[in-house]
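Undergrad: Here's the letter readout for the chains.
2 protein chains.
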Amino acid sequence: MKVVITGGIGFLGRKLAERLLADGALNGQAIDRLVLFDRLAGDVAPGDDRVLTVVGDLTDPDQVTGVLADADAVFHLGAIVSGQAEEDLDLGLRVNLDGTRNVLQACRGGGRRPLLVFTSSIAAYGGDLPQTIDDATPLTPATSYGAQKVACEMLVMDFTRRGLIDGRTVRLPTISVRPGKPNKAASGFASGIVREPLSGVDFACPVTPESSMVILSPRRAVDGFVWVAGLADETLGHDRSILLPGITATMAQMVEAVRRAGGDDAANRISFKHDPAIQSIVDGWPRAIAARRAAGLGFAGDRTIDEVIAAFVADELTAA
Amino acid sequence: MKVVITGGIGFLGRKLAERLLADGALNGQAIDRLVLFDRLAGDVAPGDDRVLTVVGDLTDPDQVTGVLADADAVFHLGAIVSGQAEEDLDLGLRVNLDGTRNVLQACRGGGRRPLLVFTSSIAAYGGDLPQTIDDATPLTPATSYGAQKVACEMLVMDFTRRGLIDGRTVRLPTISVRPGKPNKAASGFASGIVREPLSGVDFACPVTPESSMVILSPRRAVDGFVWVAGLADETLGHDRSILLPGITATMAQMVEAVRRAGGDDAANRISFKHDPAIQSIVDGWPRAIAARRAAGLGFAGDRTIDEVIAAFVADELTAA
Numbered sequence: 000m001k002v003v004i005t006g007g008i009g010f011l012g013r014k015l016a017e018r019l020l021a022d023g024a025l026n027g028q029a030i031d032r033l034v035l036f037d038r039l040a041g042d043v044a045p046g047d048d049r050v051l052t053v054v055g056d057l058t059d060p061d062q063v064t065g066v067l068a069d070a071d072a073v074f075h076l077g078a079i080v081s082g083q084a085e086e087d088l089d090l091g092l093r094v095n096l097d098g099t100r101n102v103l104q105a106c107r108g109g110g111r112r113p114l115l116v117f118t119s120s121i122a123a124y125g126g127d128l129p130q131t132i133d134d135a136t137p138l139t140p141a142t143s144y145g146a147q148k149v150a151c152e153m154l155v156m157d158f159t160r161r162g163l164i165d166g167r168t169v170r171l172p173t174i175s176v177r178p179g180k181p182n183k184a185a186s187g188f189a190s191g192i193v194r195e196p197l198s199g200v201d202f203a204c205p206v207t208p209e210s211s212m213v214i215l216s217p218r219r220a221v222d223g224f225v226w227v228a229g230l231a232d233e234t235l236g237h238d239r240s241i242l243l244p245g246i247t248a249t250m251a252q253m254v255e256a257v258r259r260a261g262g263d264d265a266a267n268r269i270s271f272k273h274d275p276a277i278q279s280i281v282d283g284w285p286r287a288i289a290a291r292r293a294a295g296l297g298f299a300g301d302r303t304i305d306e307v308i309a310a311f312v313a314d315e316l317t318a319a
Numbered sequence: 000m001k002v003v004i005t006g007g008i009g010f011l012g013r014k015l016a017e018r019l020l021a022d023g024a025l026n027g028q029a030i031d032r033l034v035l036f037d038r039l040a041g042d043v044a045p046g047d048d049r050v051l052t053v054v055g056d057l058t059d060p061d062q063v064t065g066v067l068a069d070a071d072a073v074f075h076l077g078a079i080v081s082g083q084a085e086e087d088l089d090l091g092l093r094v095n096l097d098g099t100r101n102v103l104q105a106c107r108g109g110g111r112r113p114l115l116v117f118t119s120s121i122a123a124y125g126g127d128l129p130q131t132i133d134d135a136t137p138l139t140p141a142t143s144y145g146a147q148k149v150a151c152e153m154l155v156m157d158f159t160r161r162g163l164i165d166g167r168t169v170r171l172p173t174i175s176v177r178p179g180k181p182n183k184a185a186s187g188f189a190s191g192i193v194r195e196p197l198s199g200v201d202f203a204c205p206v207t208p209e210s211s212m213v214i215l216s217p218r219r220a221v222d223g224f225v226w227v228a229g230l231a232d233e234t235l236g237h238d239r240s241i242l243l244p245g246i247t248a249t250m251a252q253m254v255e256a257v258r259r260a261g262g263d264d265a266a267n268r269i270s271f272k273h274d275p276a277i278q279s280i281v282d283g284w285p286r287a288i289a290a291r292r293a294a295g296l297g298f299a300g301d302r303t304i305d306e307v308i309a310a311f312v313a314d315e316l317t318a319a
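So the protein sequences, as listed, match chains B and Z.
Here numbering that gives the first Met the number 0 is used: the first residue of the first sequence is 0, the next is one more, and so on.
Here numbering that gives the first Met the number 0 is used: the first residue of the second sequence is 0, the next is one more, and so on.
In case anyone wonders, no lab produced these hints; they're calculated from the structure.
Be careful, since some hints might not be right.
[To be verified] Simulated restraints, written as ranges between beta carbons of each label pair: (1) R161(Z) to A299(B): 36 to 42 Å; (2) R161(B) to K180(Z): 53 to 59 Å; (3) G55(Z) to R161(B): 28 to 34 Å; (4) E306(B) to G55(Z): 38 to 44 Å.
We treat Cβ as the ideally placed atom computed from N, Cα and C, and that holds for glycine.
Required output: the full structure, derived from the provided sequences and hints.
TA: As structure tokens, this is what we get:
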């Protein structure tokens, strides 16, 4: 089968690619072609002749159509992140909304009904939120990123209902710990507060110690992508969106977890330098998740912050 | 002030135009220009020099920008109706989604923050619905029309949050009784079952007598547009969408109400001829509405089917 990952050179795209290559199959079908479509060039699994990297632009319908021709499964991860979508409304609309429409349109035709895993976000929720959100919490996003993601969820549901695709949407909590350089995601600090001090780098947290985030580790996120792809069509039914679980941690709790993992030297590298713009976005996000649908269907998230940090150390620091 | 109605030559657009012209003002400000933008030509209030009709296409950004320049308030009613959006996915996406984006973009700029009343629909709800829906019922539309409307609701909310517009969305029940010829709305029979027999025309109802619809009269719909435009910005807050109230009637009840209004002659003109495609769409729609938000803010719908039918007779049959 041919599998395409948009945003395939991004951090989660690479991890998913490595997982799929290691599995060698998706839903019991051998993967003979894995296409990584990204606006950036990159090298994933060099020498593995199943892999093809394609540099291109989600906003170009012809490029997207070319890449998705004959795809049996698509993981659509490519997007403008939340901070940047907030800075530049038009860019977010072009990439996150029009880009996703290009993906949907490119999946049509030829009698096929490709599997599409779409990555939405807990930014789908916002405004006057209950302390704990679940799948049925009203969708009133308080960021442009969230609004664009929900708009696309509707199209994924509709294209699925019409029999054009077999769509599944996962609403992701903040992914932490991300390796590498900070990006423009407003949630970036939830990774930086662990990654930087454990790498010997000072880190200024832009939100208050009492601020909390709901996080999911990269390992479990990739597990979630593969898991949702494997659910029976009829199990999902009409509503194609599933909120993935996350654990809640305040920044103060993150500091203490960093101290347990890396000692006082690491914890003391963390300072707090308030950024009202980031604080305002983060204050609009949920405090806790009850991922009832995912749990009912057998998917479990991370158990503790310490486990999340240990996985980061094993996968990114020790491996590097 | 300058007010624009998209779909201004359509049935509800005309009624709204006549109401605004009679009021002479919106939210206490005199209306000196009322622009009716529609793909069809038409003549509303001939001789009234406040009115300008513009024939054009919502999918053309330049035309929309031209018409909305300097608009202080926009009632965005123009759309492809549900049946047609179901028949032609791409047409629905172009008009209902891209067209609304054109309207939103045309409202930007120049430091103004125009009022935008957007018409969504109870088609925003669908799938595995509770017997009674309210504002907070999950948005899982079961038609392309509904999916496109919800996608736009998200953009209206986001553009409002960003301070680009002062957006308000009303989710309309099925409007009944519509005058004139049947259109391609899947809900058209809810008007036809009253309009045709009372006009001496035979009518074949495409859904079973037990099938129910939630309806709002044109009079109350227009009241709702003007009412929502007048709500204080802070009353609405972050969530800009309000479900309008509707009353529930089965087709059998409609037949009896027609009998009360027009006698056996009228009622006997109604027959039932099942259309599985229409039935399937209608079965995905809510059975009853608890319009809690609208009620809490003081808006009341129709009281009885007989009242709805009497208004139709007075406004459309007696007047004509």
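Undergrad: Okay, E306(B) versus G55(Z) on CB: inside 38 to 44 Å?
TA: Distance hint for E306(B), G55(Z) is violated at roughly 59 Å.
Undergrad: CB of R161(B) to CB of K180(Z), is that within 53 to 59 Å?
TA: 28 Å Cβ-Cβ, so the 53 to 59 Å window is violated.
Undergrad: Taking the Cβ atom of G55(Z) and the Cβ atom of R161(B), is their distance within the range 28 to 34 Å?
TA: About 29 Å separates the Cβ atoms of G55(Z) and R161(B), which means 28 to 34 Å holds.
Undergrad: Would you say the C-beta atoms of R161(Z) and A299(B) sit inside 36 to 42 Å of each other?
TA: Taking Cβ atoms as reference, R161(Z) and A299(B) lie about 37 Å apart, which means the hint holds.
Violated hints, in rising order: 2 and 4; the structure is consistent with all others.
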